[in-house]
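Engineer: Work out the full structure, taking the sequences as your base and the hints as a guide.
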Amino acid sequence: MTERTNVRIHATAEVAADAFIGPGTSIWNQAQVREGARIGAGCVIGKNVYVDTGVVIGDRCKIQNNASLFHGVTVEDGVFIGPHVCFTNDRLPRAINADGSLKADDDWEVSPILVRHGAALGANSTILPGVTIGAWAMVGSGSVVTRDVADREVVVGNPARRFGGACVCGQTLPDGPDGSPFAGTCLRCGATLPPEDPR
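If you read the sequence shown in our numbering, its first letter stands for residue 85, the second for the next number, and so on.
Take the hints with a grain of salt, since some may be wrong.
Cut-off 20 Å, straight-line C-alpha distance, at most; resulting in silico cross-link-like pairs (SDA-like, lysine to any residue) [said to hold, decoys possible]:
| # | residue 1 | residue 2 |
| --- | --- | --- |
| 1 | Lys131 | Thr96 |
| 2 | Lys146 | Ile93 |
| 3 | Lys131 | Asn208 |
| 4 | Lys131 | Ala95 |
| 5 | Lys131 | Asp143 |
| 6 | Lys146 | Trp112 |
| 7 | Lys146 | Thr216 |
| 8 | Lys146 | Asp161 |
| 9 | Lys131 | Pro167 |
Honestly, the hints are just simulated from the structure, not real lab data.
Structural biologist: Here it is, written out as structure tokens:
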């Protein structure tokens, strides 16, 4: 069993013995964390969250109720994942092979997903296999992300399309009339944009 320091795991959560859980992390009721998963320090894993085998989650992440992180997902530090977000990992999903036999682990190929530092994914968004979501990017609620999202880009819709830029405070920033990224002062926090990455 992996040693765990200053970790809160609800009595109804199911956490594999070899899953690494960083100090100060809370895992709430009915959550499931599978074998070989890695969750960093200071995270909050909400009710009924599913963290699949080998998933990696950085420090200070908030993962809200009913989110599903399947095998192949890597989440960097400071990421927000809203309720009911689903990360998929199979580009060609089928339950059975052509001969009618049930598909097994050897019959499919994982397409990894990477969520970069500080990104935020709105409730009910779906992330398709093989996608990278950039640092401080924002995905609107209910969006279906089919392509990579650039750093500090805001995307919405199905399929998700660019809606503007994002300040690190979370404010959506409109593109210029010519489609160029916002440059100026954020009206919410006063930051001069485009800013340097604050990492």
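Engineer: State for each hint whether it applies.
Structural biologist: Consistency of the hints with the structure:
Straight-line distance between C-alpha atoms of Lys131 and Thr96 comes to about 10 Å, which keeps the hinted pair within the 20 Å bound. Proposed proximity of Lys146 and Ile93 is supported: the alpha carbons are some 15 Å apart, at most 20 Å. Restraint check for Lys131 and Asn208: the C-alpha separation of about 15 Å stays at or below 20 Å, so the hint holds. For the hint linking Lys131 to Ala95, the alpha-carbon distance of about 12 Å falls within 20 Å, and the restraint holds.
At most 20 Å may separate the alpha-carbon atoms for a hinted pair to count; Lys131 and Asp143 meet this at roughly 19 Å. Taking the CA atoms of Lys146 and Trp112, the gap is near 12 Å; set against the 20 Å cutoff, the hint holds. Restraint check: the Cα-Cα separation between Lys146 and Thr216 comes to about 19 Å, which is no more than 20 Å; the hinted pair holds. This hinted pair checks out: Lys146 and Asp161 have alpha carbons roughly 10 Å apart, not beyond 20 Å.
Pair hint Lys131 plus Pro167 holds up; C-alpha atoms about 9 Å apart against a cutoff of 20 Å.
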